Every structure is written in C-alpha cells, then in structure tokens.
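Peer 1: First to last, the sequence lines map onto chains A and B.
Read in the working numbering, the first sequence has 319 at position 319, and its numbers run on one by one without any break.
Read in the working numbering, the second sequence has 173 at position 173, and its numbers run on one by one without any break.
Just to be clear, a hint being listed does not mean it is correct.
[What the hints assert, rightly or not] Distance condition first, Cα-Cα at most 30 angstroms in a straight line; then the derived DSS-like pairs of lysine-lysine:
1. K177/B with K225/A
2. K341/B with K215/A
3. K67/A with K284/A
4. K34/A with K177/B
5. K378/B with K264/A
6. K264/A with K386/B
7. K378/B with K225/A
8. K297/B with K34/A
9. K378/B with K309/A
10. K177/B with K306/A
11. K394/B with K34/A
12. K297/B with K309/A
13. K297/B with K225/A
14. K341/B with K225/A
[As the list claims (entries may be wrong)] Interface residues of chain B toward chain A, partial, derived using beta-carbon atoms under 7 angstroms:
15. Y76
16. D337
17. K341
Read the hints as simulated data drawn from the structure, not as lab findings.
Here the structure is a predicted model, which is why all the values come from computation and not from measurement.
Every residue, glycine too, gets a C-beta built ideally from N, C-alpha and C.
Here's the letter readout for the chains.
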Amino acid sequence: MKQLLPILALFVVLAVPEGALAKGTGYLFISNEKDHTVTVLDSKTFEVVKNIQTGRRPRDMQWSPDKSLLYVGASADSRVDIIDVARLEVVDYLIPGDDPDQFAVTEDGKILIATNEDDNLATFLDISENIILDQIPTGVEPEGVTISPDSKRVYITSEVSQMIHVVDMESHEVLADILVGSRPRRAFFTPDGREYWVTNEISGYVSIIDTEKLKVIDEVHFDPKGVPGDVTPVGIALGPDGKTAYVTLGHANRLAVVDVRTRKVRRYLLVGTRAWNLDFSGDKKFLYVVNSGSDDVSIIDIEAEKVLKTVPVGRYPHALKADN
Amino acid sequence: MRRFFFIMLAIAFWPAMQTGSEAAVEPALLVIGYLEGDWTASEEWDRHPADMGRLPNYLPHRPLAGAEIGMDDAQYLGRGMGITYVLKRRTGKDAEDLFTALKTLNGEHGAEVFLVDAPAPVMAELAEMSSSLDVLLFNVSSYADSLRAEECAWNMFHTLPNNAMLMDALAQFLVVKKWLRVLVLEGPQAEDRKMVTAFRRAAKRFGLKIVDVRHFLLTQDPRARESNRVEQLTLGDADSYDTVFVADAHGEFSYRVPYRTVLPRPVVGARGLTPRAWHWSYLRHGAPQVNSRFERKYGRRMDDRDWAAWIAMKSVSEAVLRRGSSELASIREHLLDQDIKLDAFKGGGYNYRLWDNQLRQPILMTTDSWVTSVVPHKAFLHAENKLDTLGFDKPETRCSL
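Extracted from the complex, chain B is given alone in its bound form (with noise of 0.2 angstroms):
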C-alpha cells in the first residue's frame, strides 16, 4: 500500500460558504514567475500569416494563457491547504534581461518556480545564469534538441516535446504504414535543418529510408524554380518516394505542398500530417474539457505550448499538494519521483525523464482538424518503458546533469 494523503477542510475555508463571521485564516501566496523572452528570431514551427491574423491579442501567441488556465486549476488544488498561486509576468529582450527579472521576483516575492518562454539560446543562458540560485526553470516554448542534450541544465524543466520526440513519433507511425520511402525537402532557416537533422535521426533509429533531400527556398524568382516550385521540387520516378517530409519550421513554404506533388504522396512534418504535443481536435481523455475552457476564456485555440504551460503548472500545483510543502526542494523531489502519474489529458498518467528533465509523453499526429493517431505505437516496444521510444533516451543522452 501506498502512501495515503488526506485533507479535510473545515467548512469555514469554503470560500462559497463563508459567512464572513469566521476569522479568515491568511491564505499563503505561492507567487509562480513567468518570463517572456524575444521571439523576434523566432524558431516557432507553424506559424503562418492567415493563423496570426485571426488571433486578435496574441500577436504571435504566447502560452501565457495556458499558464493562466494553469493558474485557475491550480487554486482548487491550493484551497484546500490555504495557497493561492499568483502568475506575475516579466519580460526581457535577452536573457540578461530574464535574469534581473528573475532575480527580482525571487527576491521581493520569493519567486521559485519560473515558467520561461523563450528561444533556446535565451533559455540555455537563463539556466547556466539562475543555475547558482534556488530555483527552478520550466521550458514550456523551445522544441529545440539541444536543451535536452549538451545544454541541459539540472534546474530546467520541459513539458514542451523536442524535435527528437515528434521525429521519432512520426516515423514510428510512417513505418507502420509501410511508407518506408521518404523525401525530404529542407528549408534555409536554421531551424529547419535542426528538424532535417532530428528526422534523419529517427529514420535510422526506426528503418526509414531517406531517399533524397532537396532544398526549398521562399522566392518567386524564376531562375530559382528547381528550389521554389513544388513541382520540380518533388520530380520522381513512380517508385522513388512514398512520403514527402517538408522541414519547415516557419511554415510558410509547407503550406503550399499537400496536392501539389508530382507524385500523388502523403505530405508529412510541417503540414499534412504534423506530429504535436496537443491538438484542439482531440477528443479523448478530458482533452475536450480543458480545450474548451481554454476556448472560452481566450477565443482561440489552445496550442502546444499553451498545453506545455497548462501542464507545467499543473506538475507545480501537484507536487504541492501531493506533498503537502511548497517548499521548492520538495516540488523538485516530486517532479522527479518515477511514480508519479501527471494527468497530461493524453490518456495516460506520466512522469519527467531523469536524465534530461523532459516530461514523458505521447504524441499526437495530426492533420489540420484531426488527431489522426496518437504515438507510441503498440509495434514499438522498450524495456523500462514504452514513451522512451520517443526522443533521447537514457543510453543515447549527451545530457549529464
């Protein structure tokens, strides 16, 4: 038997009940910092101009909504222990900037907890600056490989899955349809070849065969047509490809391949089918409920990093309360404990990686409306535990904490 955990509330703490002849015990603040760096050199993968002109006050979006429907989560599970969490936002245009910021609500607020979206080098310098501080960094908007592996930091946390993750799920899902063949058309941005790079990866882990890489440009110039048009892009015998992989971390090139192939062949990475960490369209496992809570309070749909915000507050507010501290070395023991079961709405109860602090996870591959499948496949077996099949795991990390 396990350890049971049990509060009991007096009927004086129920907010909706109170009278107001009950002495109001003083609710402790639990004060959750959020950083927001510069994304003008942006690495965010699927962006577009039509998305951000339908998205009236996040220009580009931000998961700071997920952290705020985190935050309202959170007070239920702090209620019955007296804790009101409070979400305080600064921003900075580099990771000097972050830092005062940090320092400062670890000092006049006593700030311990940080959810930071920023780019990865931002997010690397963060973690190396704060590293000599108590306090602890969750990465909830870099999909980068890199801070799960040579820039990996003990006090820094990700909910957000990297590129290796989503690479290695959409290659199990493309050897079970035995699209063994792929095309790989790689974008300039450098991001994009950070996804080329993630993807050759999984195609040797898991038996793909990449049968060419092309390389696309943004231009309409004419000279260029080999590298601009979809087309010429994609020429091919009938059996060349199977599959065309499109590296497109900023989208805008991506969404103008699916149809226009030579051969008619599934369009997969940045459009067609997109492996993510969260979708507005699924329909299982609660993921309707917080999607539609997060509609309603923000007139847009909740996305992957809103979703690795929501949860990192979430991994936060349960550790408090299954530990009964809010102390930050008890927070960090939790999110470390390889019992746990966070509720992620995914379907499963899940845990952080010990080697890299990555939250473990399934993922979704999805089309624009449609969670097609959800990865791990059941074909894919481990020994210790079956979302390892996803990304870096234990014997192959360059991550040592």
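The shape of chain A in the complex, shown without the other chains (with noise of 0.2 angstroms):
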C-alpha cells in the first residue's frame, strides 16, 4: 500500500485546482471513537488503506472546503485533529474549548464553531490562526452544531434543555431558543434554507423548524414494524436529490428513509446495532451509514434503497467521510 500514496499524493495535488470536478482519494474516513484512529477505506474494495492515530476519542468529522484537510474532533483530548487528505496523517491541530463534541466549519473554510458539551459552551475558532474568538453560553450538553445555507445563522442543539439555540453568526447573539423533543441531537437544513429538521432521541421524533418563524411547524415519527420500545433517532441527512431525508434509529438498528415534501416515511432498511452518523458518495450512488454497536458501515444503494454490504472497521466507530 505504501507505493501507492505518492501517486495517490501526486493525484490529489492534480484534482485540487479542478475545483468541484474532484473526484477525491476514492477513500472512506471512519473515525473510531475507542482506538483512537481513523480509518481509511478503499471505497471500491473496502480494504483498509490506513489506520491514522488521532487524538483520544475522535468523534465528529468536517471537511475543509477544498476537501484537502479533514479535521477530527478528538474530545477526551480536546481537540480538533487535522489531517492531511493527502498525505493521510495528522499534520495539526486546533484547540476549540474543552471537550468538543460536534463541530461545523463555515462555507469559507474560516471558522469552526464547536459544542463544549461538560462546559455549556459553543466555541467560535479561527482555524487560520487557532484563536478561540468567542464562547458562547448555550443549554445544558450542547450537541448538535449546524450552519444555515446562507451561512448566516448557527444553530446549536441542546440535549438537556431540549432546545435549539438560533445564533447570529456576526454578532454571537442568541436570536432564539426553540423548544424541541426531548435530547435533541443532529439536524439539518433545507437546501432553501426554510427548514431546519433535528432528531430527538429520547421522543423519537424529528422536529421540523421554520427557519422564518423561528417555530416548530411538525414532527416526522417513526414506527418501523416488528420494533418493540423506543425508536431513537440519532444520525439525520438529506439525500443529494435534496428531496429524501435520511434518519438512523438507533435502538431500532433501521435507517428511516423519509420524502421530505410529504414528510412522510418511505422505507425503513435494516442496518447494524446503534446506527448513528452517515454521509453519501461523491457520485451520489451510495450512502453509509455508521454503526457504533456493532463495529461496522453499511453500504446502502440509494436508488435500489437496499443494503449492500456491511464492512467492518475500528472499535465504537462515530462518523463517516466520503471523498470519492
């Protein structure tokens, strides 16, 4: 494997001025929230490329805008991991509070904003400089960190407090706190930018915000068949045809496929134990789906809505990158 990054290397340095047209290293970025690493996957076999030491418990993971940095955040160290796409190692890090849970870098690539969840805090970060320009009170656990299409607003999801902090994101200022079902955890936002959807996991239920109103509008609820007990939505994407969305319930080892017009649940297919996070393949034919309890990916085809595979990868995997 070691022959092949140079000319790996050498292929990225080429795609990067092609812009949007890059097709990425072809790889999968797992990160394992146990060993301490990341996991790179081949995309097309599914074989291992590299396990990259990272910080204590790496958990979210963004891109920089080109794709060419991928940042960790290693939260039992406090940090956010920085590692070079290319390269495949971990070349720096930033420091964005105590403990950061989930993060969002902005559109320009300049700011991370973080969740501190043991301190209540959201952290604004200048990754160029790694200055922490700003903390920001929010509930109790934050978690959650999503940025409006229109980069203009932030909004932070509490899980104690069962609320959605809506934040300025010039001034820092709290525009609103929406109350919401109870631990709410990831959202999303309508390519329009009009709606704002967020799981909460203990009520089982998305809540859809207007983004206008700043008010919930309703709820999409979960009943896959055969599921005793609770259903715990978790993991939340909207498809890249920007009309399906995308729910993990966790507890129910499912993934909800739902049509975002209608709001309506499709399908629920069948993955592996504690599905969390997921995110689709550059050519849009694939989504993957994390599972934490039981150490693996699906590969879920996402014109067929079936399940390929499941590959295994590190202990307690969290998030899921895609660059191919």
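Starting from the two chains in their separate frames, assemble the complex, guided by the hints.
Peer 2: Put into structure tokens, the structure is as follows:
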C-alpha cells in the first residue's frame, strides 16, 4: 500500500485545482472512538488503506472547503486534529475549548464552531490562527452544530435543555431558543434554508422548524414494524437529490427513508446495531451508515434503497466522511 | 400531530448577553423543598464503613447532591420562562418535624413540591399528614415496597425503584442465564427480610427455585459458625445451587461472600451482581456526562439516590417547561401523562405508573465496576409496557389512589 501513496498524493495535488470536479481520493474516513484512530477505507474494495492515529476519542469529522483537510474532533484530548488528506496523516490540531463534541466549519473554511458538552458552551474558533474568537453559553449538554445555507445563522442543539439555540453568525447573539423534543441531536437544513430538521433521540421523532418564524411546524414520527420499545433517531442527513431525508434509528437498528415534501417515512432499512452517523458517496450512488454498536458500516444503494453489504471498521465507529 | 410548544427568548433575557441597559424582568422564584429525615435507623442497602470513610463531605451521603445537580439543569429550562428554581433544605428527626418544616416552606415560600429523603415509615407518615395540603412529595430515598403498596399516597411520587423492581430485574437476569437454583442467605435485619420477601415474589414470577434459605449473623462467635462462616453457610452438593443470593441491606456481611462459597458459584443481591437504579460506570445514553458533571462538583460517585433526586427535579422542571405553567395542578397532570418521555439517561423515555406513582425505568445489573446488563430483558414480554415486567404491575397492585 505504501507504493500507492505517492501516486495518490500526486493525484490529489492535480485534482485540487479542478475544484468542484475533483473526484477525491476514493477513500472513506471513519473515526473510531475507542481505537483513537481514523480508518481509511478504499471505497471500491473496502480494504483498509490505513489507520491514522489521532487524539483520544475521535468523534465528529468535517472537511475543509476543498476537502484537502479533514478535521477530526478528538474530544478526550480537547482538540480537533487536522488530517492532511493527501498524506493521510495528522499534521496539526486546533483547540476549540474543552471536550469538543460536535462541530461545523463555515463555507469559507475560516471559522470552526464547536460545542463543549461539559461546559455548556459553544466555541467560535479562527482556524488559520487557531484562536478562540468567542464562547457563548448554551443550554445543558450542547450537541449538534449546523450552519444555515446562507451562512448567516448557526443552530445548536442542547440535549438536556431540549432546545435549539439559533445564533447569529456575526454577532454571536442568541436570537431564539426553540423548545423541541427530548434530547435533540443532529440536524440539517433544506437547501432553500427554509426548514431545519432535527432528531429528538428520546422523544423518538424529528422536529421541523420554520427558519423564518423560528417555530416548530411539524414532526416526523417513526413506527418500524416489529421493533418493540423505543425508537431513537440520532443521525440525519438530506440526500443528494434534496428530496429524501435519511434518519438513523439507533435502538431500532434501522435507517428511515423519509420523503421531505410529504414528511412521511417511505421505507425502513435494516442496518447494524446503534446506527448513528451517515454520509453519501461523491457520485451520489451510495449511502454509508456507521453502526457504532457493531463496529461496522452499512453500504446502501441509494436508488435501489437496499443495503448492499456491511464492512467492519474500528471499535465504536462514530462518523464517516466520504471522499469519492 | 401533537401539540407544539414554542418559546422565543428575547435577547435581553439571556443573562450572558445582558448589557445592563435593559429593564430586567424580575424572575419568578419557584421554591422546591428538600426534606431530610433521620437515618439512624437506616434501611440503606449496600452501605459499608469502608465506603463511607472515603466520603469526606457526606457521612453517610445523602441525595441532596443529586437534587442540587438537578437544580443546575432546571435553571436552564426555567430561563426561557423567566423562572428561577430555588432549593430549600430542612431537616427533622421524625415525620412531625418534617411536616412542620413542610408547612413553613409552603406558607412562607410557596413551596408545593418536596423531595423527601427519609426512611419508609417517616415517608408514609409525612404523606398522610400532608394529604390535606396542596403539595406533592417525591420519595427519592426509600426502596420500600410498602410505599408503593398499602402505604402509597396520591400525593407521593417515587423516582427510586422499589425492591420488587430490583428483585424482578435480578430474577429476569438469572432466568436468562439459566441459573435457576438459588441459595438464599438472609440477614437478621428487618430490611434483609423485606429483601428476601421481594426476592421470593420475583422467584415465583419468573420461575427460579429457592433451594434453601439460610440465616447469617454478623458475629465472630465460634459457637455460631454455622451462621457466620460463609463456608458453612454455602455447604452443598455439586448440583445443589447455581447461584447465591445475599440479602444484606446494610451490606457489611455480603462483602465477604464472593469467592468464599463452597461451590464455585456467582454471588448476587447485595454483593456480586447487584441490581441498581444507577451506576457510575454506565457508559451509554449520556450517563457519562451526568456522572462526570456530578463527580467534578462533589468529588464522589453518583449513586441510586442521587440519581433519584436528580430525576425528580428533572420531572418537575420538565413539567413546568412543557406545560408552560408552574401551577401544581399542571405539574401533577404532566407527571401522570402517559405520553411523556422523561429522559432519564438510561436509554429511553419514561413515565409514571398511574396506579402507584412509581417511575417506570430499566434496572442496571452492576458489578463493582461495570454495568453487565440492562433489564428488562427482551425475552420478557408485556401486553402494555415492557417496563411493567418489573415491580408491581396494575393487576397485582395493593395501592389504591
């Protein structure tokens, strides 16, 4: 595999100027909480290309705008490691406050916004200077960080306080606290920015917020057949077609496929144990679901809505980022 | 579609954002009472002198810390409504004392919700005495089955699981493991006997066989070695028992049982594998966050009763938040709402049983350092709610509210 790397590096160097057309490395990056590594998988063969050593308890991951860098939150070491995607190595790190949980990077790649779960804060960090610009108080146990498509607002979920804090990106002022279900986790905005969808893990549904009125306007409920007890939605992502939402139901070991327009569940797919985070392939054909309770990743054909296979990764996998 | 709740907060209300120029809105104070009884006649299960020695500030520790950390969380929930929570603690040696404190807190501070940390008889008496007042009590420290049965009260809620729930959980675990023949070692305390009563009931419900009940004594008397030596107490043929259940509410004897049994068998109950409401080692469902918040603040581990006090505070603050009102009637209504999903950090959303005001919840099967299993086990089904396989289910309740 070593011989391959220089060639790949060359490929990336050549590919970057192509901008949006860049096909990437063809790799999948998976953070493994208990191994303190990021597993790099070849997205065609699903062979392990490399296990990159990171800080302790790597969880959330986000790209730099050109995808040349991958930011990896190593929460137990209170830092965000920076992986150079061409070299597949940690080359530097950022310190966005204590125990960064989830985070987001602005579209221009300049600011990283992280939640500090134990301190009930959200940290705004200047990436190039590695300087904390601001820290704002949130509710108890802040979690998901999602930036609106127009980059004007950032929405932060607060698990214990059961609220969404709507924060102005410039002033860092909290514009609204919106009460949702119990334990709000992850979210996405519709491409037009009008709706914000957020999972409520304990209440077991998705709240949809009208971003103009700053008000909950609807809920998506789940009722997979043959699943007794609680359904716990955690991961959520808008599909490449912009019309389909995918929600992971941790306890139920299911992935819900939801029609965004009708807000109805279209299908449930059986995935691994405690399915959490998810991402899509660059060619929009595949969906990858990380199963943190079975140490593997489910590969799903988006069009066929079928699970193709499941591949093992490290221990307690958390997030996946596709670069193919 | 369900009812939606919406709170929008003016920037000025956000404490950290205040510049001082805005006219501050006077926050309404919501006083929660904390009544602490005398535990000299302790019914505490699993207390041990070595444990207590390591706890400088709490000898023996009380669930007040759990209530305080619940208070911290509640402040965030109250903020959007302009409510500040205040916890007022009063102590008393008996129910009479506590009732006087309750009346004072009610009269002078308008406190209507009380967390009570007192032994079962005091708790029962206090609930009876206060039944004519407009108040609501949370039992956060007694496992007694009687409080959920003949001594139950409409104004008393229970966040701590009772012995029947714990023993049912243990029985489910043993049945799944097929460790069906149980040797019971029973202590001399009244609480030990109650534990055995609860275990007998659970054994019957889930199909365990109690092969023998032997009585231990906490002495060194050589003439009583049949009762004070584990080796004597656990004599038996190779296939006579699969597991040893120790009923030892005070915990002092049970420490010496594991590895001293004559047959190589696991020990359960007060020691070995113990059913609990909460454990510091639990790694899932957000438990590490609340455990670490607690440990950083109090320098000790959060236990069952801390958790019970914490979740009682959370029950109240969520009721206020979700109903948008701090009226007692509205809090009560919320607590009895069978659709609520209280996030108890044990994986699901829970609510209170209508027939005895007991909080439904899973039980953690714990060793000293690990949560081995979470019960109810999936093999045990229930027509309405799987959690009702633990403890007093509706058809068998002896409580009439």
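Peer 1: Please go over all the hints and tell whether each is borne out by the structure.
Peer 2: How the hints compare with the structure:
A hinted pair counts as satisfied when its Cα atoms are at most 30 angstroms apart, and K177/B with K225/A qualifies at roughly 28 angstroms. Of the pairs offered as hints, the one joining K341/B and K215/A holds, with about 21 angstroms between alpha carbons and a cut-off of 30 angstroms not exceeded. This hinted pair checks out: K67/A and K284/A have alpha carbons roughly 17 angstroms apart, not beyond 30 angstroms. For the proposed pair K34/A and K177/B, the alpha carbon gap of about 29 angstroms is at most 30 angstroms, so the pair holds.
Taken as a hint, the K378/B and K264/A pair is honoured in the structure, with Cα atoms around 29 angstroms apart against an allowance of 30 angstroms. Restraint check for K264/A and K386/B: satisfied, since their Cα atoms lie roughly 28 angstroms apart, inside the 30 angstroms limit. At roughly 16 angstroms between alpha-carbon atoms, K378/B and K225/A fall within 30 angstroms of each other, so this suggested pair holds. Distance check on the hinted pair: K297/B and K34/A sit about 26 angstroms apart at the alpha-carbon level, within 30 angstroms; holds.
Of the pairs offered as hints, the one joining K378/B and K309/A holds, with about 27 angstroms between alpha carbons and a cut-off of 30 angstroms not exceeded. The hinted pair formed by K177/B and K306/A fails the criterion: a straight-line CA distance of about 36 angstroms is larger than 30 angstroms. Of the supplied pair hints, the one linking K394/B and K34/A is violated, its CA atoms being roughly 43 angstroms apart against a limit of 30 angstroms. The suggested pairing of K297/B with K309/A is violated, with an alpha-carbon distance near 46 angstroms, which exceeds 30 angstroms.
Taking the CA atoms of K297/B and K225/A, the gap is about 44 angstroms. The hint is violated against a cut of 30 angstroms. For the hint linking K341/B to K225/A, the alpha-carbon distance of about 21 angstroms falls within 30 angstroms, and the restraint holds. Contact between Y76/B and chain A, as hinted, is supported at the beta carbon level, the nearest pair being about 4 angstroms apart and thus within 7 angstroms. Hint on D337/B is violated. Least Cβ distance to chain A is approximately 13 angstroms, over the 7 angstroms limit.
For K341/B, the interface hint holds, the least distance from its beta-carbon to any beta-carbon of chain A being 5 angstroms, beneath 7 angstroms.
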